[in-house]
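Guided by the hints, dock chains A and C onto chain B, whose structure is given.
Chains as they are written, first to last, in our numbering: chain B, 1 to 443; chain A, 1 to 521; chain C, 1 to 233.
Don't take every hint at face value.
[What the hints assert, rightly or not] No more than 30 Å apart at the CA atoms, straight line, and that leaves these computed lysine-lysine pairs for DSS-like:
| id | chain 1 | residue 1 | chain 2 | residue 2 |
| --- | --- | --- | --- | --- |
| 1 | A | 122 | A | 137 |
| 2 | B | 223 | A | 325 |
| 3 | A | 122 | B | 393 |
| 4 | B | 389 | A | 44 |
| 5 | B | 374 | A | 177 |
| 6 | C | 112 | A | 181 |
| 7 | A | 122 | C | 9 |
| 8 | B | 389 | A | 29 |
Hints were generated in silico from the structure; no laboratory data involved.
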Amino acid sequence: MTQNHYRERIKGIYDFIKENLYFNRPDMEIKGERFNSALMFSLLTGLNRGKELIIGEPGLGKTTSAEYVGSLLYRIPMGIIWGSEVSGHPEQTEEKIIGRPDLGKLNKGQEEVVWSNFAQIPVKIVDELNRLPETKQSMILDGVDRGNWEYLNEMIINEEYCLFATANYQDRGTNTIIAPMVDRFDVEVESRHPGPNIAYLVGKFDQKDRVLRNPKAENSLQKILTSKLSYQTKLRQMEEVCDGYGEFLKKKLGVQTVGLRDRKAIRGEIARMELDLDANAFTRMLLAELSFCYKYGQKRSVENCEEGCHFTGYLCHEVRNCASNRLPTSIKTYSQALAWLIGDSEVDVEHVKAVTPFTLAHRVQWKEEYLATKEKDKRDNPFQIHLAKDAVKTVFNRYGEQNEHLKRALAVGYRVFNGEALEPVDGDHPVYFEIKNDLGLEN
Amino acid sequence: MGIIPEEAIKKIWPRIRKKHLFPEIPIPKASEGDESVALEMKNKQITISTAYCDKIAHKMDAEEAVEALLDHGISHYTFCPWDFHTHLRLFAEAKRVIKDRERAKRAAGLFMDVAADTYCVKRKKTPLPEFYKHIDKGKVDEVIASLYQRIWGVDLRAKEDEGVVRRLARIPYLDKKQWDKSIQKFARVIKVLLEVEEEQDRQAGNQTSPMGDHGLDGYTLEEIDQGLRNFANQNVGLKEFKETFEDFKEELKEVGYGMEGGMGRGEGTPLDADLVYYMKLAESYSIPIKKMPMEKRGHLNPHSHCPWEIGRPFQDVDVWTSFGKIMPGITQTWNKIEGSTFGEREAVPNCIIIIDSSGSMTNPRKNLSYAVLGAACASDAYLRNDAEVAVYNFSDAPMGGKALVDFTSERTKIYQVLCKYFGGGTALNLNELDPLLEASERPDIFIITDMKITNLGKVIGYLNNIDNRITAVYIGENTYAMRFREAMEKKRNVSFYNVTKKEDIPKIVLGKIREYFQGNL
Amino acid sequence: MKNPFDDFKDHRTREREIPLDSIIQSRDRVMSSIIKGYEKLLEEEVKELVWLVQYNTVIKAYTLAEKVVKEFDYRAEDVEEFCYELDSTDKIPYLITGPAGIYISALCNYAKEEEIYLKLNDLKTQINLLGYRLPVGKKVIVEGNLGDFTGIGLEGGELVLEGNAKNYTGAGMKSGRIRVTKNIGLHTGEWMMGGEIHVGGRVRGMGKIVDGKVYEDEKLIYPRNYRQSNVYY
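Next comes chain B alone, as it looks inside the complex (with noise of 0.2 Å):
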């Protein structure tokens, strides 16, 4: 299948999405095509194995987007979806998240776990995770971040999976989302309310999530799901009902829907979308923003900045933390998957500038000096979202008016590395220090 056929039937599931099930306005736009930012990045999560942070206002389709999403691009039917959710509420207990003895085995001495639907199916959903007491959230943080799941000395590892959390705004039921399990969402995206007349339209079709049912498909699933079958097997069941399941959805909606070699493919796809220099270089300055410290070496969440330090204007003033070596893979891979719906030959800047937002959001901290300038701003976006756009606009800013320079800086860098005998390149941005830094070589 060419790269063209499944990038068709991904928008075809976008498309399908958009005009049946998930009502809402497109909020982004890039080259010229517009999306709707929760759906979008929705698709992209699944596409991309990723992790999706999804806040919002109760009842905005937080958790039935997460739905949809995971049961056309994975092929499972609505009501094991469901089934496999996990909800936060304090008295999750790990045995109704990942697993639980087999009481009769128990009974009789001997231990053998009978796995949850969420631990085994490649879609996780977890509603309202911020209502998850800490410690249960940390219970969840392993699994999720790796895929492998534990229980009695057994473990499942998940070859694919995404994972769609969503939150609640701050209210007096939620705690707070630990900071290394936010750490490791890829994205978060807020899903808005549509607007009167959308919203109209959603009340006026309330039942559309049955469309997604099929109770054949999800009886043989939950007969899989439930059975003592070593988990591989399980996994080669479940995938052929899965395909029948998207036969299923070929033939009654209309929708072509992607089976796991296809889903394979389409990441080999996403994998080899090169980034060009403008959105390597970009990548590189704003890590080198929200990394830097002149005094310190680097951010630390600890240490405070200098009163009338040179770099008072980047960002490394206004954060409080050092952004993660999560945060570059997330944008690139975000990038890259971007590029290959819309179509691009490779990642250009504006794919990296459209998606890191995305991925800063829930990631940086900032100071409450800047946050105090920035409480009132007009703007379209949730707070935390609406400052990582205005932060990667700024420091795209600067890249544009550089641009040239960092990328021979770069360039002699690489030259210098390898032992030639040139000058490294100067610049009055963190950048360019860091590059220095990578050198060996004194500031």
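Here is chains A and C on its own, set in the frame of chain B:
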């Protein structure tokens, strides 16, 4: 060659966007337009005149002409002036040399054109030189074209005025850091030409540049607002800010810029440069909005599970989650925690600002008054936290030297009273404070003065009898200030700050407000 | 370890070299030399930031300035730009108008151009001693106001000032012409030995003139209407 339809623009637009690193501007449009003006930019929307393109299509490839125009327009957005602040700065510097406002604007516009075009020619592949070869040129345009010949190294068929071009060619147009000086040099040289051009225009009827004017249409209201804020914070004096603001007043009104930034935000109020200056300065001093407090409820509730270990008590074991088994690894026990809930909403109290505008204080309309700035910062801090502010501006109040505004959330009204200056004696009319104190529940009081108040004794007596939080900021040390301090020292609700450097007033005021608010964070 | 800059190994800069680049580079080089020359002059001639206009000091300063300016290549525009650099304290730590004027005079005298146009209207400081020893064949046109000793020791050149000058205009000039469109101050033509001074506005006071002519508003006021020094009229 025919007119360029929108489809042709759509065809070249992706390539041009990529060339300029994807500027955030919408796809340009083509419209019938004027034969003399090729390009307009309004609210970031570039519009190309098909009539002009028709005209030039006889001399050069139409698509190339459109590309040149787009390169020019986009470079203004991505390089020079880039933002409204830079635009203002360039104009202000040009006006230092060319005292006439319109000529200064024209000089600034020409400088921006040269910088933007040169940037494009140096950094991108552009047909701009070819375009300039073919456009109709007035006297000044001819000089600019000959400048381009010199600095780009291309033949544009322009007749050179050697002396002028040699001077203009030495200016580092691509070095942003030197733009302030560069535009002065530019203006010095181009001044005479602009005078001649103005005279010729008067005779021949107004002629616009084919590249359009550099008005404020290209900026959004938010950009204008931000630009003014940056300009005010740039260490330009009040006088210079006012001058520049006045020079753009008509244009600002035309685009709908209101006192507090934009449409619907006090748009109807006439623009007052002094007020805008203090507003923009105060905006750079911000403290966070007070958050909703959380309180512990006081009793324990089951919250989450944790594995039971041998030796731990049984009473909290969750039988159901433990499947009826008591064994390590299976049994789960409840963790109980104190519930939390939102505390009683402690709203931020209102604030009364008492500011001295007697003769010994700086006139805020002539020079930067840190007292007024401090008061402005205080009022903004309270307003942002949904409180109201009243202002009592006094000089010789019993003789009528006072201005008062009752509690309000209207920023303009507050600033109007803050910026009033009486310059007379110094006496408070305390009776006028009573209604304010009664109108609101224990408002905070900020008093900013040099303490040389003639009825200081009465003031001390008055303040001693109230239990509102009072912050007194006084400038310089004198006997009055000492007397005030001694009399009020024992009052726990009163804080004093003696300021030797007036620049410290805003920080002191905000520091105190932060303390007040932090009690409730 | 993998080269972290590997992606950029094939990158070649795309920027075009345009003549502006070399013009600016050359200008910067020249300005730097001129400024260094001035600093050298100050170092050697100005002790403790005090410099008095005396016969010897002026000659000595000029001799050194001459020596310095002959070493580099510059144009008339560089001279004008140097005047503005003197005004701002960015590159030049302090301006002492006497030596500055001498230095600028040397720059004018040894410039390649025969006619030097200096637009100094926006200068905050008024330069003294401009036009010192301006030789035959050289013309300096200044737009703006100058300070004291304008055209001092003129040696046959033409100095045109479209503005005002202060005191001791044309002092000690041997030959040549000074034309001032507006007013000048006291001690005009002090020890003047030849040449002409034309003033479009008022002459506040005359100095001890040995020889030469002074015109006020095209009327000859010396030698036809000889006046004692510092007589006001």
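These are the hints, each one checked on the structure:
For the given pair, residue 122/A sits about 23 Å from residue 137/A by alpha-carbon distance, which is consistent with the 30 Å threshold. Between residue 223/B and residue 325/A the CA atoms are separated by roughly 27 Å; this keeps the pair inside 30 Å, and the hint holds. For the given pair, residue 122/A sits about 24 Å from residue 393/B by alpha-carbon distance, which is consistent with the 30 Å threshold. This hinted pair checks out: residue 389/B and residue 44/A have alpha carbons roughly 19 Å apart, not beyond 30 Å.
The suggested pairing of residue 374/B with residue 177/A holds, with an alpha-carbon distance near 27 Å, which does not exceed 30 Å. Proximity of residue 112/C to residue 181/A is assessed by CA-CA distance (about 26 Å); at most 30 Å being required, the pair is judged to hold. Annotation: proposed proximity of residue 122/A to residue 9/C holds, straight-line Cα distance about 23 Å (limit 30 Å). Of the pairs offered as hints, the one joining residue 389/B and residue 29/A holds, with about 27 Å between alpha carbons and a cut-off of 30 Å not exceeded.
The structure is consistent with each of the numbered hints, conforming to all of them.
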